[in-house]
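**Student:** Chains V and S, in that order, are what the protein sequence lines are.
1 is the number of the first residue of the first sequence in our numbering; add one for each residue after it.
1 is the number of the first residue of the second sequence in our numbering; add one for each residue after it.
Any given hint might turn out to be false.
Restraint ranges, calculated between C-beta atoms of paired labels, are given here [stated by the list, open to error]: (1) V:Q42 - S:G100: 21 to 29 Å; (2) S:T17 - V:K69: 44 to 52 Å; (3) V:P108 - S:T17: 40 to 48 Å; (4) S:R99 - V:Q42: 23 to 31 Å; (5) V:E58 - S:S15: 40 to 48 Å.
In silico EDC-like cross-links for lysine to aspartate or glutamate, where the CA-CA straight-line distance does not exceed 20 Å [stated by the list, open to error]: (6) V:K3 - S:E59; (7) V:K95 - S:D98; (8) V:K69 - V:E55.
These are computed hints drawn from the structure, not numbers from a lab.
Nothing here was measured: the structure is a model prediction, and the numbers come from that model.
Every residue gets a Cβ at the ideal spot worked out from N, C-alpha and C, and that includes glycine.
Residue-level listing of the chains:
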Amino acid sequence: DAKTTQPPSMDCAEGRAANLPCNHSTISGNEYVYWYRQIHSQGPQYIIHGLKNNETNEMASLIITEDRKSSTLILPHATLRDTAVYYCIALNTDKLIFGTGTRLQVFP
Amino acid sequence: GAVVSQHPSWVICKSGTSVKIECRSLDFQATTMFWYRQFPKQSLMLMATSNEGSKATYEQGVEKDKFLINHASLTLSTLTVTSAHPEDSSFYICSAQDRGNYGYTFGSGTRLTVV
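Pulled out of the complex, with its shape left as it was, chain S reads as follows (with noise of 0.2 Å):
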């Protein structure tokens, strides 16, 4: 079956660093990837939406500037928190839409502590 790949699955960094997370579609190419975040005892949040070579299209209220998709290939999906605070540690997860099953594979999930 589909697997999506995202890595790290932790990261713990310091207040005001950048961490970037990869999500990566292994053996099918994904034209549309999703990244949620999820605080404890929540639901998932969706954040945006990306496709392949174009500008990720943000939900309402995520800060374009603060977390940076890049979808580059059909394959890979990055998202970059910049100068992350304390109040961006989450759960954050990816998902790749197979447009040939109408199938949506989420990744693992990284968790991001920013202490």
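Just chain V, same shape as in the assembly (with noise of 0.2 Å):
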């Protein structure tokens, strides 16, 4: 699988988007882009996957570059209950490799 970079943390104020980016430059042809979070002492919480298109659900957008090797994860508007572990994972093997992630504080 090929391996994913985050920054270690960041802050956003509430209410404002909170853009979470994600560099996966070794990444493969056929490799998913998956998102994942983790709140304190729960387990992860999946929020969105892509290959090359840009996605949207409920909970976020995903924006995928074109030569797909780094991707940003868009929560429109963050609250206090966003804030989480949030991991970049590329999925080739069926297995998901989870590395350091970006802590997201979101500040009143």
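Each chain sits in its own coordinate frame; assemble them with the hints.
**Tutor:** Structure below.
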């Protein structure tokens, strides 16, 4: 699986959009990009995934660059409950391998 | 949506005893389940992959005889920590793959404390 790189931490004001970047420069053509988040002492929660096209669901939007070497997860209106560790994963071999993620702190 | 139930949510056991953790997919069939462990302030580490009806595949460095995995049905996988020691204290999390929608759903985790 391709290695992903994320900033260790980010802050976001409540109500503002949170944009979480992920670099996956070695991603191959058939590797999906998955995003999960983990709130303290809970199991990871699925957010969104995509291959080439941008994706949107009720939780977030996923923007994948045309060369697929990076992506951005967008939480359009962050709330305090969005405070969590966000993981970007490039999936190929049917196993989710977690990196260190980005700790997002949403403040009032 | 897909739900994975993990039980127990926490357990305290004495050193030298064995502990069994159950992971059930409630509304879908999971041909593949995964077991992770997570130490405080660290990321999830994949321990093993279990496929229904076959032996589990362990990641490098994970002791097969210590962490016994059984995937007897399409909805149930169990992880048994044998002869537990304090260093096995950790947060154990299972995940089930729903091949119908490419989704991976996680259980809520089990916090194991060995005293």
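**Student:** Confirm or reject each hint.
**Tutor:** Do the hints match the structure? See the list:
no. : hint                       : result
1   : V:Q42 - S:G100: 21 to 29 Å : holds (24 Å)
2   : S:T17 - V:K69: 44 to 52 Å  : holds (49 Å)
3   : V:P108 - S:T17: 40 to 48 Å : holds (46 Å)
4   : S:R99 - V:Q42: 23 to 31 Å  : holds (24 Å)
5   : V:E58 - S:S15: 40 to 48 Å  : holds (46 Å)
6   : V:K3 - S:E59               : holds (17 Å)
7   : V:K95 - S:D98              : holds (13 Å)
8   : V:K69 - V:E55              : holds (16 Å)
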